[in-house]
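Residue numbers (the working numbering), protein chains in the order written: chain A, 1 to 332; chain B, 1 to 134.
Simulated from the structure, these hints should not be mistaken for laboratory data.
The C-beta atom is built at its ideal place from N, Cα and C for all residues, glycine as well.
Mixed in with the good hints, there may be bad ones.
Residues on chain A that point at chain B, a partial pick, calculated with CB under 7 Å [said to hold, decoys possible]:
| hint | residue |
| --- | --- |
| 1 | His122 |
| 2 | Lys163 |
| 3 | Ser237 |
| 4 | Arg241 |
| 5 | Ile256 |
| 6 | Val295 |
| 7 | Cys298 |
Here is how the chains run, residue by residue.
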Amino acid sequence: MNQFEHQFSAHCETGVTSALLKEKQIDVTEPMSLGIGSGLFFIFLPMVKVMGNPMVSYRSIPGSIFKKVNKRLNIKYSSETFRSNQAKGQQRLDELVQQQKPIGVQANIYWLKYIPENFRFHFNAHNLIVVGSDEHTYKVSDPLLEEYADCDKRILTKARFSKGPLAPKGFLYYIDEVKPGKQDFAPAIYKGINETVKRMLYAPVPQVGVKGIKLLGKHVSRWADKLPMETAVNYLSSVVRMQEEIGTGGAGFRYIYASFLDQAAEKTGNETLNEASVQMEKVADEWRAFAARAVKACRQQSVSQFKEVSQNLVAISEMEKQVLLFLKKRYL
Amino acid sequence: MKVSEVPQDDNINYEGHKKLRYGRDEAGKMSQVGSTGCLIEEEATSFAWQDIRTSLGNTLKKVHAGELSPLAYHIEKKLMTYDLLASNMGVWKWKVKRHMRPKHFAKLSQDQLENYASYLEMTSSELKTVPEKL
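Make the full structure from the sequences, and use the hints.
As structure tokens, this is what we get:
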């Protein structure tokens, strides 16, 4: 019998992926799952509004990291959805948990009372692991917490069947039996980096990758010129929240990615990845500095500071491009 | 960022919890650090909540003035919109929108009230009242 261990993580999906694999004796850390699963990303969609603010995301689409990590390490997993059938969805989860399997589930974070109140918004793509249950309660391992938590069954079911953008439809997933020691990390790491580099550098649209960062820069300057100051403040502070508040390990996953490159260097013995790690850490520091300036610009409601922040983003775009080009030339 | 530079700013929103962040340790490896908060993040969060509170305050005024029903206030209080609530409850959007008007809200049956209250995690009598001020 494998022993599941709760794992405190920076981000929900990478944390869940890592914890589920470790239970199967496969040593995939949180940074490894971000890297192999090509989770590092950037997209800015000014026309799409999320809670009233333009959509910015520093990661790839929810669900993709778990899938890609398993595919690239040749691990079989199962997943199920239940449309709107809540009773069936809850019954199936109970059944699986009874078999002593840790089960990943997708849920709306708003209804999960163990999460600090000010971080609870209607976001449907939060991930956590259910590890046990009694009549009315699940024992859950939520990667954002330091410890296990209890969650009312009725509440979790409600959260698993929440509607709206990214509706989970009761989505649950688990790893099937695997043979430890049969995973080849080097090609998986290569594929993970390859996809990230290609997507970030050569996206065919201006909203994605390093071009997307530059586009955000242009828009920040435009917000200050054309929008009421209140709206501009909301937009810019929302960018900072997407980067720092919602479990990214800081700087919109760039620090975790630096950690991934570090660990990848160790696993593959490739020195280039060490260098790339240090460069990525510098990029992350710049993102952090941008966040500090952005918040200050919001506090002081200063158009000229918005302009400076806009320039910061253009510079970060160039810096990140150089790191990715370095990886492309020296590693890929 | 070095491990020692990872912010430990006691963000009040963490409610005593920590968030995991990453920094470079003395051996040159990126490692995990539990962080009690980051001022930059805290301030960004507070902008969002200020905005929510301002808008909720305006809605509350409209409820007191008889322009909107208490349902409108409670939907917003739960950070929802009428269309999100409608799709979650499997009812028509225009119906929920209509029930945000006092005239129609007053005509709701006890069952309908219970339905709304149950999704919003409150009792039907709570649903019918709003606070004096935020």
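So, as I understand it, the hint says serine 237(A) touches chain B; can you test that by seeing if any CB pair is closer than 7 Å? Because about 4 Å separates serine 237(A) from the closest Cβ in chain B, which is inside the 7 Å limit, the hint holds.
Restraint check, 7 Å cut-off on beta carbons, for lysine 163(A) near chain B: For lysine 163(A), the interface hint holds, since the closest Cβ of chain B sits about 4 Å away, which is under 7 Å.
Holds or violated: histidine 122(A) as interface residue toward chain B, Cβ cutoff 7 Å? holds (6 Å)
The hint names arginine 241(A) as touching chain B; please verify it with the least Cβ-Cβ distance against 7 Å. holds (5 Å)
With chain B as the partner, please determine if valine 295(A) meets the hint condition of a C-beta pair closer than 7 Å. Hint holds; valine 295(A) Cβ to chain B Cβ min 5 Å, cut 7 Å.
With a cut-off of 7 Å, does the beta carbon of isoleucine 256(A) approach a beta carbon of chain B closely enough for the hint to hold? holds (6 Å)
Status of the cysteine 298(A) interface restraint (C-beta, 7 Å, chain B): holds (6 Å)
Of the hints listed earlier, there is not a single one the structure fails to meet.
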